[in-house]
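Student: Chain by chain, the residues run as shown.
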Amino acid sequence: GNSVTQMEGPVTLSEEAFLTINCTYTATGYPSLFWYVQYPGEGLQLLLKATKADDKGSNKGFEATYRKETTSFHLEKGSVQVSDSAVYFCALRHNQAGTALIFGKGTTLSVSS
Amino acid sequence: GAVVSQHPSWVICKSGTSVKIECRSLDFQATTMFWYRQFPKQSLMLMATSNEGSKATYEQGVEKDKFLINHASLTLSTLTVTSAHPEDSSFYICSASVTGGTSNQPQHFGDGTRLSIL
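As they're listed, the protein sequences go chains A and B. With my numbering applied, the first sequence corresponds to residues 190 to 302, in that order. With my numbering applied, the second sequence corresponds to residues 444 to 561, in that order.
Heads up, a few of these hints could be off.
Once the Cα atoms are required to be at most 25 Å apart in a straight line, the calculated DSS-like pairs of lysine-lysine come out as [claimed, not checked]:
id : chain 1 : residue 1 : chain 2 : residue 2
1  : A       : K294      : A       : K238
2  : A       : K294      : A       : K266
3  : B       : K484      : A       : K294
4  : A       : K245      : A       : K257
5  : A       : K238      : B       : K463
6  : A       : K245      : A       : K266
7  : B       : K498      : B       : K457
8  : A       : K266      : B       : K509
9  : A       : K249      : A       : K294
Derived from the structure by calculation, the hints contain no laboratory data. Since the model is a prediction, treat every value here as computed from it, not as a measurement.
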């Protein structure tokens, strides 16, 4: 079946540190891959996405590259800020119309000044 | 654009009562809506997919008589938790998308409903 595995959290970093949150997936075919972010007390927001192998999604300094050979979509940011503290979800979705996102368990990031 | 409104955001009720959660697409027509359930520190688990005007498709292990889903219009879907018990306490999130052609359209999320059953 289709599934997403994320690294366990929480991840605790100091401001300006480098961030990596690992994500691997299992899927048939060629799904699209996503990172969503959930800030405290808020709903899910799309952070970035990639729709095919070797695509790089980027937004707000975050990046992730769709690696088909390693079935991975790791999230990175070169210099985190306190405002990046949130829960990050990796997700996949097949491109067939009407299919739903499948999420990983989420990784909590806490950044201190 | 693409705003999804979910109501209520928080509800507390007694065991045995039924609770209705509404999910509205405010500025687009949502032919497909998805309902998820999120346990503390766990992932969002897909409960069901509903298409406007037809019966919802439930994921394995989700009781359709317990979680009634109605998607009667292109802008509104409701989830009713019938005869709720403490184990139904959770965070419920809806998501809506337009189904266009053969490709999948973006999913837009509501802010979720925190349900607490006493």
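Student: State for each hint whether it applies.
Tutor: Comparing the hints with the structure gives:
1. K294/A / K238/A: holds, 18 Å
2. K294/A / K266/A: holds, 20 Å
3. K484/B / K294/A: holds, 7 Å
4. K245/A / K257/A: Holds, at roughly 12 Å.
5. K238/A / K463/B: Violated, at roughly 33 Å.
6. K245/A / K266/A: Distance of about 13 Å is within 25 Å: holds.
7. K498/B / K457/B: violated, 29 Å
8. K266/A / K509/B: Outside the cut-off at roughly 42 Å; violated.
9. K249/A / K294/A: Between K249/A and K294/A the Cα gap is close to 22 Å, so the pair holds against 25 Å.
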